[in-house]
Structure formats: structure tokens, C-alpha cells
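Chemist: When we follow my numbering, the leftmost residue of the sequence shown carries the number 1, and every step to the right adds one.
Keep in mind that a hint or two might mislead.
To be verified - Distance windows between CB atoms, simulated:
no., residue 1, residue 2, range
1, G237, A96, 46 to 52 Å
2, A133, E156, 33 to 39 Å
3, Q343, H81, 15 to 21 Å
4, Q330, W232, 22 to 28 Å
5, P51, D314, 40 to 46 Å
6, H81, L230, 50 to 56 Å
What the hints contain is simulated information worked out from the structure, not anything from laboratory work.
C-beta atoms are modelled at their ideal positions from N, C-alpha and C, and glycine is treated no differently.
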Amino acid sequence: MRLQWHIFCRVVDNFGDIGVCWRLAQQLVREHQQVLTLWVDDLNSFNAICPNASTAAAEQTVNGVEIRHWREIVDVSLAAHADVVIEAFACDLPEAWLVSMAQREPQPQWLNLEYLSAEAWTLDCHLGCSPLAGMQRVFFFPGFAAGSGGVLIDNELLATAETLKSATAQQTFLASLGVVEDGLFDRRISLFAYENPAVETLLAALANDPTTSHLFVPTGRVTADVERWLGWALIEGASLQRGSLTITPLPFMSQLEYDGLLAICDFNCVRGEESFVRSQVLGKPTLWHIYPQDDNAHIDKLEAFLEVYLADADVQLASQISVLSLHWNQVHGAIGDWPAVLQRLPIWQQHAEGWRQHLMSNGDLASNLVTYVKNRV
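Work out the full structure, taking the sequences as your base and the hints as a guide.
Modeler: Here you go:
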């Protein structure tokens, strides 16, 4: 059953919102043969993660998805043909669209796609309805547990991981980024974070570690923290070495390129929601820099995730990861033990693979959305 889906997305101040929406839209087209229109208000941010997208076009089609520039005035006539309307992350649909949707018979299905969370209350609210503007708005919560909406798991990511298993394929991929590894490293690590003074503790630990590490730093908000520790500016294509640590800066990457980087690394430091999920689905040890909120609500979300993520982990490892995660997110009094965690990285890898299997067993977000919608048609 092919349905007409419309996803509305506002870019706030990072790439997470549009990153999730773009991946979801592509998967609905590619794996579920749905008809998709993605409305986005910031085409410049969209172009950063999808270089094929024009920053000037009011309408365009990329990878089978129709892209519409969401401006103050929108084409209301399209609402007459919409079967499913997704309001991503409470972005507030255009008033004219709400009026048009309410007048339809039958009305389109209206879903509010919420932010990912492991907090217990989200399971109670998942698929809850709220009457508004003469319609029923359904709240769809992605999550990590059975009974939640699941997380984004697409065949393209799994294929990327399979393709990059061999050392030759990994070197070819790095060469496509302009990187030539001189010699072998004991581990590869990616670093993508918001501004974070705790980064210095990671860099110092890696530099003094008896094993060698190759750290990849895509251009972003954490770059200045790395430069401060180095006492030297990062220049794309120029690696720097401090003790056992080699640091290679990378340009801002497309989603496909970043997936490849996550896949070839042994440990990923990630930020926000999108990269956080991708690394877990790849079965990688993952350290999360959660998007900070003024009221520290993000710490509650972090602790809720750690509780479910570490429930079946080795007790000592669970304690070390928990403290390190709080330290990484600047929780007062939390002091991470980097040397101990690095030494136990192989055990963390085993746990990460088990967690990956758990996520797969819950079904993926796109499939869960399609099943829910089709059951209500």
C-alpha cells in the first residue's frame, strides 16, 4: 500500500533534527515504497549533510524524496492528497495545513514524532492521542525498549558496515577522505561533540596510553577544544602526533561519509541523537555527548539511557562507563577513569554487540511507523 507522506522539519541549531528526518524519509521511500515529501525550513543545513540538495530550489527531488522549502507561505493544495503528516519534534504545522487537514474526509493521520528517550514515562505516552484543531494527533516515541517506536535501522547502514569490514576497504574509504594512514594503529576513534572541556582528559589519556590510537575529528564545535589541548590549529589533511596519539582532522562530512567513519572506528564519541543511534546500530562502544539543556533535563535522559544500556553489562564496566559518561557531560563531581575504560574496551565491544542485537529485535522506527499507519487505514 503506497501512501502519501509529508514530514515537516525545522532545523533548530544543530543537524540532528534534519538528519533524523532525512534518513527516515529516504528509508520510507527505499525500503517501504512510500511517496514522500520532506518540508525543511533551512536548506543550507540540509545541504551540509546532503551535498546533492540545492540551497536555492523551492522544490527538488533527491534520492526519490520530494524536498520542499518550508517558508512562511506553503502550498496548501498538497494537504488534500496527504495520507500521513508527520510533525517532527513538535515543530508546529502551518495553520493553513491544519485547517485543510481538518476539513478532509477521511482526515489524514497526524503523527508527532518525538525525540528519542529511554525514560520510562515515554512508553506510557507512546501512541497516545491528543485532540487538536478538530483532529487527533498521535505521539510517536522512538526508544530502546520493546513497546517503543524503536530506532532508525536501515539497510544502507548495515550494507556500509559489511562493505568496510576488510582492511583494504577501510584504507580505500580513508583515501576517499584524503587520509593515508602511516603504519598500523591499535585502535581508531572518532570524535564528534559539542564544546566540551572534558575532551582534554581523553586526549591526554590516549597520548599516554601504551597502545596507539588514531583519532579522527570531523570539523565541528569540539574542534576548538582539541586545538586548545594541542596548542596548535588543526588543518584538514595534516595529522598531528602527541605520544601514542595521532590526530587527523576531517572536513564536515555527508551522512554517508560519516556512517563509513563510524563503521571503521573501534570507539565512537558522538553527539546529539542521530550519530548516537548510528554508532549503536553498528555495534560500537559509544560515548554520548547529549545535547545540553538549561534545566539539566538532559542529564535525566542520559541517566535513563545508561540504566537500560548497562542493565546487563559487566558490573565493573557498567560503573566505569556510567561515571565516564557523566564526566563527559560535565556533571559536577564525576571523574572518568580513561585508562581503565580504554583497557576494558574489548569487553565494552562485546557488550555493544549484544546491545545491537537488542535494538534489532525491537524493529526499526520506519517499519514500526509503516505498520502503525497501515493498521489504521
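Chemist: Okay, G237 versus A96 on CB: inside 46 to 52 Å?
Modeler: For G237 and A96 the Cβ distance comes to about 49 Å; the hint holds.
Chemist: Do H81 and L230 keep their Cβ atoms within the hinted range of 50 to 56 Å?
Modeler: Because 55 Å falls inside the window, the suggested range holds.
Chemist: Please test the hint of 15 to 21 Å on the beta carbon pair from Q343 and H81.
Modeler: 58 Å, violated
Chemist: Taking the beta carbons of A133 and E156, is their distance inside 33 to 39 Å?
Modeler: 36 Å, holds
Chemist: Using the beta carbons of Q330 and W232, state whether their distance is inside 22 to 28 Å or not.
Modeler: 25 Å, holds
Chemist: Measuring from beta carbon to beta carbon, are P51 and D314 in 40 to 46 Å?
Modeler: 42 Å, holds
Violated hint: 3 only; the structure is consistent with all others.
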